[in-house]
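Peer 1: Which chain is which? The protein sequence lines are A and B, in order. Position 253 of the first sequence, counting from 1, maps to 253 under the UniProt record's numbering, and the rest follow consecutively. Position 21 of the second sequence, counting from 1, maps to 21 under the UniProt record's numbering, and the rest follow consecutively.
Note that these hints are calculated values from the structure, not bench results. Given the structure is predicted, the values throughout are model-derived calculations rather than measurements. Worth double-checking, as some hints may not be accurate.
Copies of one chain are not kept apart here, so a pair can be met inside one copy or by any two copies together.
[As the list claims (entries may be wrong)] Calculated lysine to aspartate or glutamate pairs in the EDC-like style (CA-CA distance at most 20 Å, straight line): (1) Lys255 with Glu346; (2) Lys345 with Glu379; (3) Lys406 with Asp191; (4) Lys239 with Asp320; (5) Lys239 with Asp374; (6) Lys255 with Asp179; (7) Lys406 with Glu295; (8) Lys406 with Asp441; (9) Lys345 with Glu407; (10) Lys345 with Glu234; (11) Lys345 with Asp232; (12) Lys390 with Asp179; (13) Lys345 with Asp292.
2 protein chains.
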Amino acid sequence: MNCPDSALLTDLYQLKMAEAYLARGEQGTAVFEFFVRRLPPTRGFLLAAGLEQAIAFLESYAFSRDDIDWLASSGMFGAAFLEQLASLRFAGDVHAMPEGTVFFPDEPILRVTAPLPQAQLVETRLINLLHFQTLIASKAARHVLLAQNRQLVDFGLRRAHGGDAGLLAARASYIAGYDGTATVLAGRLFDIPLFGTMAHSFVQAFDDEAEAFEAFAESHPEDLVLLLDTYDTEAAARKLVTLTPRLRARGISIKAVRLDSGDLIALSRSVRAIFDEGGLRDVAILASGGLDDAEMRAIVDSGGPVDGFGVGTSLTTSIDAPALDCAYKLTEYAGRPRRKRSIGKETLPGRKQVWRRFGPDGRMCADVVSLEDDAVAGEAQLQPVMRAGKRLLPPPTLGDIRARSKESLARLPEPLRALDPAAGYHVERGGSLLTLARNVDRRRREV
Amino acid sequence: MNCPDSALLTDLYQLKMAEAYLARGEQGTAVFEFFVRRLPPTRGFLLAAGLEQAIAFLESYAFSRDDIDWLASSGMFGAAFLEQLASLRFAGDVHAMPEGTVFFPDEPILRVTAPLPQAQLVETRLINLLHFQTLIASKAARHVLLAQNRQLVDFGLRRAHGGDAGLLAARASYIAGYDGTATVLAGRLFDIPLFGTMAHSFVQAFDDEAEAFEAFAESHPEDLVLLLDTYDTEAAARKLVTLTPRLRARGISIKAVRLDSGDLIALSRSVRAIFDEGGLRDVAILASGGLDDAEMRAIVDSGGPVDGFGVGTSLTTSIDAPALDCAYKLTEYAGRPRRKRSIGKETLPGRKQVWRRFGPDGRMCADVVSLEDDAVAGEAQLQPVMRAGKRLLPPPTLGDIRARSKESLARLPEPLRALDPAAGYHVERGGSLLTLARNVDRRRREV
């Protein structure tokens, strides 16, 4: 089961609304903004990701003949609409924060300016693409800050929510500063470094554990990582000490071992001691097995000799916060600002810009969300990325995006770098924005 | 970004292990079983799903020329292995619980019997496919039991983890008893009923809310559902009462309204009262907006006049438990039972069967996990589904699977139907299974 690349990957109501708009000629310019309403309790900031996939989606947006035929056969839509749909393309403008930019609630990270039916039709998949990678990059950024330069590898494909999720999580975590992934196809598609060790089943398939190690070492002498915890971790470490001279004689050296269960702090210490005594000082120790923020922090704080982490489920499902409360909302139509006032979900009208200010130490100190044309001090975070349906600049490399993330994370205020969500960050709403919101409400009351 | 259908959608270590196996001629018959180790705290049972996608994956398992060329160019593998890989197909046997079967921890829901390299190579994607749909079907089953026959519709594509996740969540929730989905492509691919209403942006795009309602009604007179909470829910309900005679004159009737924010219990009551007084007794009230178990239970318990639920994020991310602690483990190789004893992750050896016993009331009362050949009273839950790489029976319809789920849920013991995880369920390990485990340990100690 793989997800076909189809414009039908959307909510039915988008098509129903598009039909109603087109029937009435409601093709005025609409402005929609994508933003996160509030942070999950365990996040102090978010890291924008997914823009490249969003741009690719918009550039190629089209209903195939086959899609149109199926819609016709469904009986849900009129022929006139389907004819219009067949030739519909996305021809709008897009402004966005580059991937790898830190952001906060109520700050739009993407703005679409397009004829209303186009801007509406792309909503569902656009959210789907921006939400997920932003979710995972934001989670991965926590691990990157916690790991303090220890190696981080994504092991999460098996429990990711489908195939796309595994691939996009590999990309998003690499953007945030992970060193690589175990997912082969992600390595291929995105040119992300690949890491692979061995599984318990390999050890189990042999009658003798040392024999399994030797067989694997012979087959994969380079970047050799052996798994120690199938039966008894310390006993396995001692077997490696015994085995090493035979491997060395054949020019094979063990790069690292992986511990996947038990008390990882205690075991890393005892394995380190066994290795150091046995002349295996160069063999690194990697930890895996249900690791998340708390376990990683405990290992780092303990000073235990763990050189890297393999992280699966907690990363690729963002397990403590598997969704962000995000939205894509109409803020202007046909030249007039719009807002909704649904209880607890009010939005602010107009085309917005986010301005970021930095202190004398180079760290971010406050953001201002204002109307686009307001003159506000600070660095503008939203940049034009598409005009009339076309990408404005060539795609950045993942290396460029990683560098931006790294700088973004380095410039976070210290309490947020320490991953303390309680610290908060000052986001101000520019004066003219609140005035506009009041004016929109007054106009609606007068109607 | 869509997930290409490639055998490279796997972990690197699977390929490394396969190379080592093939280099040594380790092609004996391996038995792997997929099971869940423990229930999340908020689940009392699980519902098996994803088998059809798993079978389709195994039946078509192959590395394309393009995959092989890329692997060769990566320099990570030898030419002899890549040649073997190019012709490798899955030719094993599979036993499984049918989709829509309730199951519990330590009960295998799928068993693969195949030459070791094949059984190993398919691990990652097999887990990825079985885990996610089982996760979502199990979550959806809670909603189905809670909703007590109110309509349930999946609205979750936008915050699902990628495109596959949205499609497969629509399928898994429909299996569990949801009435349908908003995801058009899921409707097309799986023949699931589609539901669509309207968004706030539609209302916002018009200067007047009533004008927006009328425009939408004219465009989509059938199955008309209007969204009431863009500005003021009760005011919108009164506007509909005023509008109704004009719509009726044109033969248009409102089927339902949707409330998406605020105090849904209080608002459903006041909207119901406005409608009943205004002659709109037939108009149903649907609730949506961040609903999960607790909100759904509160609405149902309140007796509030809510006729159906649109559920998004909580369903498609299984938000309270976004992953299951599941595994695919080697239990036999080359005729000898195997187990791992990693701390906290011990497995039981041998080919297993799950036997289910029912009480005089027709409800399930206990399961026994035994070795396949043990004579145990009860209904065997694992059935042969593939032989020598080929599917044994034509795929069941989703209707068949839904019927099985419905029966499964109806036969749950009452405390589990009441969604009380504390109640537990009795799963016994058959005597010969524990004896075998002890014997495997003894044999290993003797080695």
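Peer 1: Give a verdict on every hint.
Peer 2: Here is what the structure says about each hint:
no., hint, verdict
1, Lys255 with Glu346, "neither (55 Å within a copy, 27 Å between copies)"
2, Lys345 with Glu379, "neither (28 Å within a copy, 51 Å between copies)"
3, Lys406 with Asp191, "within (19 Å within a copy, 46 Å between copies)"
4, Lys239 with Asp320, "neither (38 Å within a copy, 42 Å between copies)"
5, Lys239 with Asp374, "neither (69 Å within a copy, 38 Å between copies)"
6, Lys255 with Asp179, "within (16 Å within a copy, 54 Å between copies)"
7, Lys406 with Glu295, "neither (23 Å within a copy, 40 Å between copies)"
8, Lys406 with Asp441, "neither (41 Å within a copy, 49 Å between copies)"
9, Lys345 with Glu407, "neither (32 Å within a copy, 40 Å between copies)"
10, Lys345 with Glu234, "between (55 Å within a copy, 17 Å between copies)"
11, Lys345 with Asp232, "between (54 Å within a copy, 12 Å between copies)"
12, Lys390 with Asp179, "neither (32 Å within a copy, 40 Å between copies)"
13, Lys345 with Asp292, "between (31 Å within a copy, 18 Å between copies)"
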